[in-house]
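The hints should help you fit chains F and C onto chain S, whose structure is shown.
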Amino acid sequence: MDFVGSHILSVDQFARGDIDRLFAVADALEPFARRDRITRVLQGAILSNMFFEPSTRTRVSFGCAFNRLGGDVRETTEVKASALAKGESLHDTARVLSGYSDVIVMRHPQEGSVAEFASASRVPVINAGDGANEHPSQALLDLYTVRQEIRAQGRGMDGLRIAVVGDLKFGRAVHSLLKLLALFERISVNLVSPPGLEAPPDVVSVLADAGHDIGVHHDLGEGIHHVDILYVTRTQEERFASPEEADRYRGLFRVNEAIYTEHCEPNTVIMHPLPRDSRAQAQELDEDLNANPNLAIFRQTDNGVVVRMALFAMVLDVVDQVQDHARPVTWYTAKRTPAARHL
Amino acid sequence: MDFVGSHILSVDQFARGDIDRLFAVADALEPFARRDRITRVLQGAILSNMFFEPSTRTRVSFGCAFNRLGGDVRETTEVKASALAKGESLHDTARVLSGYSDVIVMRHPQEGSVAEFASASRVPVINAGDGANEHPSQALLDLYTVRQEIRAQGRGMDGLRIAVVGDLKFGRAVHSLLKLLALFERISVNLVSPPGLEAPPDVVSVLADAGHDIGVHHDLGEGIHHVDILYVTRTQEERFASPEEADRYRGLFRVNEAIYTEHCEPNTVIMHPLPRDSRAQAQELDEDLNANPNLAIFRQTDNGVVVRMALFAMVLDVVDQVQDHARPVTWYTAKRTPAARHL
Amino acid sequence: MDFVGSHILSVDQFARGDIDRLFAVADALEPFARRDRITRVLQGAILSNMFFEPSTRTRVSFGCAFNRLGGDVRETTEVKASALAKGESLHDTARVLSGYSDVIVMRHPQEGSVAEFASASRVPVINAGDGANEHPSQALLDLYTVRQEIRAQGRGMDGLRIAVVGDLKFGRAVHSLLKLLALFERISVNLVSPPGLEAPPDVVSVLADAGHDIGVHHDLGEGIHHVDILYVTRTQEERFASPEEADRYRGLFRVNEAIYTEHCEPNTVIMHPLPRDSRAQAQELDEDLNANPNLAIFRQTDNGVVVRMALFAMVLDVVDQVQDHARPVTWYTAKRTPAARHL
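Protein chains in written order, with numbering that gives the first Met the number 0: chain S, 0 to 342; chain F, 0 to 342; chain C, 0 to 342.
One should not assume that every hint holds.
[To be verified] Covered stretches of chain C (chain F as the covering partner; in silico rule of three or more C-beta atoms under 8 Å from a C-beta of chain F):
| no. | region |
| --- | --- |
| 1 | 133-147 |
| 2 | 262-275 |
| 3 | 298-312 |
[What the hints assert, rightly or not] Incomplete in silico selection of chain C near chain S, CB under 10 Å:
| no. | residue |
| --- | --- |
| 4 | R36 |
| 5 | V40 |
| 6 | G43 |
| 7 | I45 |
| 8 | G86 |
| 9 | S97 |
| 10 | Y99 |
| 11 | S100 |
| 12 | D101 |
| 13 | V102 |
| 14 | S118 |
[What the hints assert, rightly or not] Okay, the calculated beta carbon distance ranges per label pair:
| no. | chain 1 | residue 1 | chain 2 | residue 2 | range |
| --- | --- | --- | --- | --- | --- |
| 15 | C | A290 | F | D208 | 38 to 48 Å |
| 16 | C | D285 | F | V215 | 32 to 42 Å |
| 17 | S | G220 | C | E115 | 27 to 37 Å |
| 18 | C | G155 | F | S118 | 30 to 40 Å |
| 19 | C | A207 | F | S118 | 45 to 55 Å |
| 20 | C | E115 | S | A257 | 47 to 57 Å |
| 21 | C | R326 | F | A151 | 36 to 46 Å |
| 22 | S | I258 | C | E244 | 43 to 53 Å |
| 23 | S | A240 | F | N255 | 40 to 50 Å |
| 24 | S | T260 | C | E115 | 23 to 33 Å |
| 25 | F | D11 | C | A27 | 41 to 51 Å |
| 26 | S | P327 | F | R278 | 46 to 56 Å |
| 27 | F | D285 | C | A290 | 35 to 45 Å |
In case anyone wonders, no lab produced these hints; they're calculated from the structure.
Fair warning: this is a prediction, and the values are worked out from it, not measured in the lab.
The C-beta atom is built at its ideal place from N, Cα and C for all residues, glycine as well.
Chain S extracted, bound-state conformation (with noise of 0.2 Å):
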């Protein structure tokens, strides 16, 4: 795909080239992530931060990596803010706020919305959740992680071995990252689930139908033998029925210290697409596993802003000219080195 002035709707879009081309440019930027140095590249460039569904996290880390490029963010963070709220069509709305800016990120809570939405904007705009359906840049900050905590213990993607664990048939997150990786070689897949909760069949099939190796688990400790990378899932309460469908699977498949010393071989590396439920009875990582140095939470969402400054820089065609605009950053930052990747 050409990403200068693409909307970036779906995983769907990418073939391996772009995910690669993608991730060198997010190293390059690593950088102007980390904090060692800043670029101005976007001065000037304002980004539309449309938020219709509450989300902090993807909202401030879009927002932060458009500032560490040196651009403007506006926000909108409500849809009774909205003049949807008068009837405005997504399409008008669309043809009205792409005057404004010149990328726009949004989330909205109906499938299919950002798409629509997209297809009437006059500027690239970026699917930051819509609904149950996507949300590429989580998957591509996932995969990126994949990629980093790998490559730390001197290997590469293909060949890769990992276990997804919880609830399969609702989590976005891991639908969107097990089709990102079906994009690689001789993937070997552990899908670890409550019976009721396991992956769609459209899921399975584009890892079968690219070759991968598929194992299907409802038994936690089987699940999680012999992986590099151990994904813990989220129950998405907020897709049952009800919520006392969701407390029948909560904290089924909680992962803590002593399990994962029991059944992982030393180096597997924690992933979870965060937040994480901390409430005594729905954790699904145990604080137990906060000084593990493979908890990779908190780098993966670290990596949410390297990853999509890249989308940024692709989308609006200024890789080339990052570093003409770079200097030493001048406050004081905590250390974030690779030394402190396993604080």
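Here is chains F and C on its own, set in the frame of chain S:
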């Protein structure tokens, strides 16, 4: 009037010469609004964008206009987030907030509130809507759009023929536009509304006192004959005593491609202050007009940015410095050159 | 204390020397706060302005302070927009958000929450209010105002006579101010409140232990005699068991021009943490004082910006670089020179 340091509260402030000067500045700022060039003339300046009533488009339009001049924007979007809720007077709020920023844009549901606020402010205040009272930047962008569209046809404002259609009783936007049009010469105005929603006498007398030609119509087809501009307005349902009363008028004066073709001249420009209600029973401007090159509604909202840039530049006295801080845009921009004017 | 990289959580962190250094920085930043000059020393830095409880003035004041140093601001204004609502721990929220920005300002309704958040944050955190507990920047701006007002009268802080009036039981602002005043020499404090709303023993003992002179008064006129500073505080109605209980105290210790003239010295400075309740039955400071040049309440909020700029500059270690990034303001600014101090 002297724009420098002034509050912009009402269309009544403007004489024709003021309009001419403002629009000349807007013309000069077009390359910056259209993303051919950026300027940083207001780098370091702060806009306090205070919306005590929801409005996505007006808020974002003002914010983006200020960003395009290089300034920063701080926003407030909720009345409940305000000290007003703790019994603070508008006087105190104004004294406090005007110590934070260089200029304030304010929307407030209560008529007269923005003028009261401005009287205590130590920095210029721009009224972005105070209830049913005033919203001068909307009127200015409407007038600028009339001028631009007519000019694209090789003509000037004097002698303009315009039909204003719909809820002329409660439509703040149309009242203000008519007052501004009264500043020009030999304007011919068709006031087209259902019985009961006629324009109020004070608006009509402003036009009559200036010697303009006024026609009152209750028939849509008849009213939109032989005009340069067809300005359709939204039913201001929030101003009616009950939703049922608003329903009586909804969709009565609906304009679509067939009606346009039958009654209008080939180059009649279609305007609307937006949002237009696109629900089936309510459409004021049917979506089958979307392909009609005379539909100027999105050029109209685009013009909001440049008119607001011009207001900021004049009030903050940086008109003469804009070019000193200018440089080409170096990121991807969709083509919004004259060829795209009829997108 | 060493400001660089530190969290600012409580007034208890500060020794007198710290206050002196902070205020010297604030003095140096005055030209930037007053719009004589701008600086871009923090260009590229990002503040995450997290308000999990509404507050317009504190939020905008922090945001504008950061903008005036050249930095960008990302904001969150609603607890419901937060992952906290999905059961995420403050620890996780802090780990995530501290990967996005260079410094965090946080307000949260729960006592101790900001310190808990800070303990997991990888960047400095400034407490902007955690329930009834601490709001150190308010105390610092109050103290800075005392110093500026007294200095304008040619005197220093040691030997200061101050009356604090009103709800001394729940007034967080006044507790913190008294703790900071205790760091100076020979302070004379009149504690003036209705019976039942006296200052708590721990606050009184901080003053007593440092050897300051304390008077307890239940009579307003008597309590405000012979003081340099009259600090009136708001009835913290949200801290009372019921609105009825708060109503019992409302308006009891109302100060107006007649009371001021009868009981105060001609130069007694009037302060209030704002917002003041201007509803008829509630006024703590009557509006007939607005023309009194000793009413310092708006100079006080203005000082909030410069004190917060000083905090950011010290915590992020850019004090010595501010002048390198400075240049004159070139847009219209209202005159806020010393002559305007008594506006």
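Going down the list of hints, with the structure as the test:
1. 133-147: Check failed, 0 qualifying residues.
2. 262-275: holds (count 3)
3. 298-312: holds (count 3)
4. R36: violated, 19 Å
5. V40: holds, 8 Å
6. G43: Cβ of G43 of chain C sits 3 Å from chain S, so the hint holds.
7. I45: holds, 5 Å
8. G86: holds, 4 Å
9. S97: holds, 8 Å
10. Y99: With a minimum Cβ separation of about 4 Å from chain S (threshold 10 Å), the hint on Y99 of chain C holds.
11. S100: The hint holds - S100 of chain C has a Cβ within 10 Å of chain S, the shortest such distance being about 6 Å.
12. D101: With a minimum Cβ separation of about 7 Å from chain S (threshold 10 Å), the hint on D101 of chain C holds.
13. V102: holds, 9 Å
14. S118: violated, 12 Å
15. C:A290 to F:D208: 38 to 48 Å: Given about 41 Å between the Cβ atoms, the range holds.
16. C:D285 to F:V215: 32 to 42 Å: Between D285 of chain C and V215 of chain F, where Cβ atoms are some 53 Å apart, the hint is violated.
17. S:G220 to C:E115: 27 to 37 Å: holds, 34 Å
18. C:G155 to F:S118: 30 to 40 Å: Holds, at about 38 Å.
19. C:A207 to F:S118: 45 to 55 Å: Since A207 of chain C and S118 of chain F have Cβ atoms about 47 Å apart, the given range 45 to 55 Å holds.
20. C:E115 to S:A257: 47 to 57 Å: Given about 26 Å between the Cβ atoms, the range is violated.
21. C:R326 to F:A151: 36 to 46 Å: holds, 41 Å
22. S:I258 to C:E244: 43 to 53 Å: With a Cβ separation near 52 Å, I258 of chain S and E244 of chain C satisfy 43 to 53 Å, so the hint holds.
23. S:A240 to F:N255: 40 to 50 Å: The hint (40 to 50 Å, Cβ to Cβ) holds, given that A240 of chain S and N255 of chain F are roughly 42 Å apart.
24. S:T260 to C:E115: 23 to 33 Å: Since T260 of chain S and E115 of chain C have Cβ atoms about 28 Å apart, the given range 23 to 33 Å holds.
25. F:D11 to C:A27: 41 to 51 Å: holds, 45 Å
26. S:P327 to F:R278: 46 to 56 Å: Given a distance of about 55 Å, which is inside 46 to 56 Å, the answer is holds.
27. F:D285 to C:A290: 35 to 45 Å: violated, 59 Å
Going down the numbered hints, you'll see the structure goes against 1, 4, 14, 16, 20 and 27, while the others check out.
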